[in-house]
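Spelled out from the first residue to the last, the chains are:
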Amino acid sequence: DAGVTQSPTHLIKTRGQHVTLRCSPISGHKSVSWYQQVLGQGPQFIFQYYEKEERGRGNFPDRFSARQFPNYSSELNVNALLLGDSALYLCASSSMTRNTEAFFGQGTRLTVV
Amino acid sequence: GQQVMQIPQYQHVQEGEDFTTYCNSSTTLSNIQWYKQRPGGHPVFLIQLVKSGEVKKQKRLTFQFGEAKKNSSLHITATQTTDVGTYFCAGPYSGAGSYQLTFGKGTKLSVIP
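Protein sequences, first through last, are from chains A and R.
Per my numbering, residue 678 is the first one in the first sequence, and the count goes up by one each step.
Per my numbering, residue -8 is the first one in the second sequence, and the count goes up by one each step.
These aren't lab readings, by the way, just hints derived from the structure by calculation.
All values reported here derive from a predicted model rather than from experimental measurement.
Incorrect hints may have been included.
As the list claims (entries may be wrong) - Cross-link-like lysine-lysine pairs, in silico, DSBU-like; alpha carbons within 35 Å at most:
#	chain 1	residue 1	chain 2	residue 2
1	A	K690	A	K729
2	R	K96	R	K50
3	R	K99	R	K47
4	A	K707	A	K729
5	R	K61	R	K48
6	R	K47	R	K96
7	R	K50	R	K99
8	R	K48	A	K690
9	R	K61	R	K99
10	R	K27	A	K729
11	A	K690	R	K42
12	R	K27	R	K50
13	A	K707	A	K690
14	R	K61	A	K729
15	R	K42	R	K27
16	R	K96	A	K729
17	R	K99	R	K27
18	A	K729	R	K50
19	R	K47	R	K27
20	R	K48	R	K96
21	R	K50	A	K707
22	A	K690	R	K47
23	R	K47	R	K61
24	R	K61	R	K96
25	R	K42	R	K61
26	R	K61	A	K690
27	R	K27	A	K707
28	A	K690	R	K50
29	R	K48	A	K707
30	R	K99	R	K48
31	A	K707	R	K42
32	A	K707	R	K96
33	R	K61	R	K27
34	A	K729	R	K42
Stated by the list, open to error - Which bits of chain R does chain A cover? Going by a derived footprint, with three or more residues having C-beta under 8 Å, they are:
#	region
35	3 to 16
36	46 to 56
All C-beta atoms, glycine included, are put in the ideal place defined by N, C-alpha and C.
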């Protein structure tokens, strides 16, 4: 079985640009969460989607948005990129919404210059 | 909001020495999860503790959940170079239909051969 896959693996963008990151969860998993990990810190929760509905939102500005598709894959969009958005963006899938382990993808390394 | 704190931030040990990292939550947790992230990698689930005072072992790793379900520890006996990485604890937060993990900043373990 394939694990969580994310694309692209690396990305360089210029300040002010827009970026779309993609994630395919483990087959059968209906919950997808997005995390931002800045160097030297733990992952920070951005969004959770379950059955195509937003179930949770972290403390991130409205420049961040996401959606989940009927096949449970997900996109994370970030508008008007700032230098501070440079980070590893992790997608995690799980089989349930609560009390269950998260399976992380390899992440997308975003660099904003 | 919920906060999860980990100490120490860094730990350098000689191969064969023991290692312990501690995790404290500002709120009582329904469960606590531990993840390991190798350099350049993504977080990988190690274990979940649910019951008050629970102790679980995985070979040389011993995980403990405090009686008050607000603290936890991970102890590695006789470290090996394969133990190198950052160890994160994470507590779930669920409210208003959402489910998110709050991660500590992690303890980065270096093992000197």
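Here is what the structure says about each hint:
1. A threshold of 35 Å between alpha carbons decides the hint, and for A:K690 with A:K729 the separation of about 28 Å falls inside it, so the pair holds.
2. Our distance criterion of 35 Å between C-alpha atoms is met by R:K96 and R:K50, whose separation comes to about 25 Å.
3. Taken as a hint, the R:K99 and R:K47 pair is honoured in the structure, with Cα atoms around 22 Å apart against an allowance of 35 Å.
4. At roughly 8 Å between alpha-carbon atoms, A:K707 and A:K729 fall within 35 Å of each other, so this suggested pair holds.
5. For the hint pairing R:K61 with R:K48, the CA-to-CA distance comes to about 19 Å; that is within 35 Å, so the pair holds.
6. A C-alpha spacing of about 22 Å is found between R:K47 and R:K96, which places the hinted pair at or below 35 Å, so the restraint holds.
7. Of the supplied pair hints, the one linking R:K50 and R:K99 holds, its CA atoms being roughly 20 Å apart against a limit of 35 Å.
8. Straight-line distance between C-alpha atoms of R:K48 and A:K690 comes to about 44 Å, which puts the hinted pair past the 35 Å bound.
9. Under the criterion of a C-alpha separation no larger than 35 Å, the hint pairing R:K61 with R:K99 is consistent with the structure, at around 22 Å.
10. Proposed proximity of R:K27 and A:K729 is supported: the alpha carbons are some 29 Å apart, at most 35 Å.
11. Distance check on the hinted pair: A:K690 and R:K42 sit about 45 Å apart at the alpha-carbon level, beyond 35 Å; violated.
12. At most 35 Å may separate the alpha-carbon atoms for a hinted pair to count; R:K27 and R:K50 meet this at roughly 15 Å.
13. Proximity of A:K707 to A:K690 is assessed by CA-CA distance (about 30 Å); at most 35 Å being required, the pair is judged to hold.
14. Restraint check: the Cα-Cα separation between R:K61 and A:K729 comes to about 32 Å, which is no more than 35 Å; the hinted pair holds.
15. Between the alpha carbons of R:K42 and R:K27 the distance comes to roughly 21 Å, so the proposed pair stays at or under 35 Å and holds.
16. Restraint check for R:K96 and A:K729: satisfied, since their Cα atoms lie roughly 30 Å apart, inside the 35 Å limit.
17. Distance check on the hinted pair: R:K99 and R:K27 sit about 10 Å apart at the alpha-carbon level, within 35 Å; holds.
18. The suggested pairing of A:K729 with R:K50 is violated, with an alpha-carbon distance near 39 Å, which exceeds 35 Å.
19. Annotation: proposed proximity of R:K47 to R:K27 holds, straight-line Cα distance about 16 Å (limit 35 Å).
20. Of the supplied pair hints, the one linking R:K48 and R:K96 holds, its CA atoms being roughly 23 Å apart against a limit of 35 Å.
21. With a C-alpha separation of about 32 Å, the suggested pairing of R:K50 with A:K707 holds against the 35 Å cut-off.
22. Proximity of A:K690 to R:K47 is assessed by CA-CA distance (about 44 Å); at most 35 Å being required, the pair is judged violated.
23. The suggested pairing of R:K47 with R:K61 holds, with an alpha-carbon distance near 17 Å, which does not exceed 35 Å.
24. In summary, the hint linking R:K61 to R:K96 is supported, as the alpha carbons are separated by about 16 Å, within the 35 Å threshold.
25. Of the pairs offered as hints, the one joining R:K42 and R:K61 holds, with about 11 Å between alpha carbons and a cut-off of 35 Å not exceeded.
26. At most 35 Å may separate the alpha-carbon atoms for a hinted pair to count; R:K61 and A:K690 exceed this at roughly 41 Å.
27. The straight-line distance between the Cα atoms of R:K27 and A:K707 is roughly 24 Å, inside the 35 Å bound, and the hint therefore holds.
28. Distance restraint check for A:K690 and R:K50: the Cα-Cα separation of roughly 44 Å exceeds the 35 Å cut-off, and the hinted pair is therefore not satisfied.
29. Simply put, R:K48 and A:K707 have alpha-carbon atoms about 30 Å apart, close enough for the 35 Å limit, and the pair holds.
30. With a CA separation close to 21 Å, the supplied pair R:K99 and R:K48 stays within the 35 Å bound.
31. Among the hinted pairs, A:K707 with R:K42 is consistent with the structure: their alpha-carbon atoms are about 26 Å apart, no more than 35 Å.
32. Only pairs whose Cα atoms come within 35 Å are accepted, and A:K707 paired with R:K96 is accepted, the gap being roughly 28 Å.
33. A distance of roughly 20 Å separates the Cα atoms of R:K61 and R:K27; the hinted pair therefore holds under the 35 Å criterion.
34. Only pairs whose Cα atoms come within 35 Å are accepted, and A:K729 paired with R:K42 is accepted, the gap being roughly 32 Å.
35. Here's how the region 3 to 16 of chain R fares: 0 of its residues keep a CB closer than 8 Å to some CB of chain A, so the rule of at least three is not met and the hint is violated.
36. Requiring three or more residues with a Cβ within less than 8 Å of a Cβ of chain A, the coverage given for the region 46 to 56 of chain R is violated, as only 0 such residues are present.
Violation of the numbered hints given earlier is confined to hints 8, 11, 18, 22, 26, 28, 35, 36; the remaining hints are satisfied by the structure.
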